[in-house]
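Numbering-wise (my numbering), the sequence shown opens with residue 7 and increments by one.
Watch out, some of these pointers could steer you wrong.
Each pair of labels, with its calculated beta carbon distance range [claimed, not checked]:
{"id": "1", "residue 1": "I92", "residue 2": "N38", "range": "19 to 25 Å"}
{"id": "2", "residue 1": "S90", "residue 2": "N127", "range": "26 to 32 Å"}
{"id": "3", "residue 1": "W22", "residue 2": "G116", "range": "19 to 25 Å"}
{"id": "4", "residue 1": "N95", "residue 2": "N131", "range": "32 to 38 Å"}
{"id": "5", "residue 1": "N131", "residue 2": "N38", "range": "33 to 39 Å"}
{"id": "6", "residue 1": "G138", "residue 2": "K81", "range": "20 to 26 Å"}
{"id": "7", "residue 1": "G59", "residue 2": "C119", "range": "24 to 30 Å"}
Note that these hints are calculated values from the structure, not bench results. By construction, the Cβ of each residue, glycine as well, lies at the ideal position given by its N, Cα and C atoms.
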Amino acid sequence: MNTQTEHPLIPLICIWQQNMNTSHTAQLTLLNSLISDKWDILALQEPAINLLGNTRASSHWRVVYPTHKFTHGEKPRVVSLINSKISTNTWQQIPFPSRDVVVIQLDTSGGWCTIVNIYNNNNHNETIEELGRFMSTNI
Numbered sequence: 007m008n009t010q011t012e013h014p015l016i017p018l019i020c021i022w023q024q025n026m027n028t029s030h031t032a033q034l035t036l037l038n039s040l041i042s043d044k045w046d047i048l049a050l051q052e053p054a055i056n057l058l059g060n061t062r063a064s065s066h067w068r069v070v071y072p073t074h075k076f077t078h079g080e081k082p083r084v085v086s087l088i089n090s091k092i093s094t095n096t097w098q099q100i101p102f103p104s105r106d107v108v109v110i111q112l113d114t115s116g117g118w119c120t121i122v123n124i125y126n127n128n129n130h131n132e133t134i135e136e137l138g139r140f141m142s143t144n145i
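Using the sequences and the hints given, assemble the complete structure.
Okay, structure coming up:
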C-alpha cells in the first residue's frame, strides 16, 4: 500500500492497441467482447466518432480524449479507454496540445508509468516532433 496516495498500486498493465479506421461496427464489436476482463487500457487510433465529437464506450471503460478536444473543434484521431476496474486515484491525464495524442500516467508498483497513445499522420512529422519536445521537458 502506498501511504502517500492511500490506494493500491497497479501491479501489471495490459494494453490493447488498435486502429479502428473510424468503423462504428469494429469499435462496437471490440467493446462488446470480453476484452474488459483481460485488458486494462485500450489505445485506439481513428476511433469511431459521432456527430457530437464523442466516441462510444461501455460502462467497463472511462474514455480519455485528447486534452484539447473541446477547444480545437476538430474530431480527435486518438482516444484511450481506461478499464473502470482501475481506480481513478491511480492514474491521471497529462495535458498535451494535440488532437492526435493522449498521455496518461499510472501509479504502478514499479513507480509512475507514462503511456502515450498517438495517431501518426503519414503526411508530416509535426506530432512526432511535438512529442519529442514534450518528452524532453516533461517526462
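Quiz item: If you check each hint against the structure, which ones fail?
Solution: none
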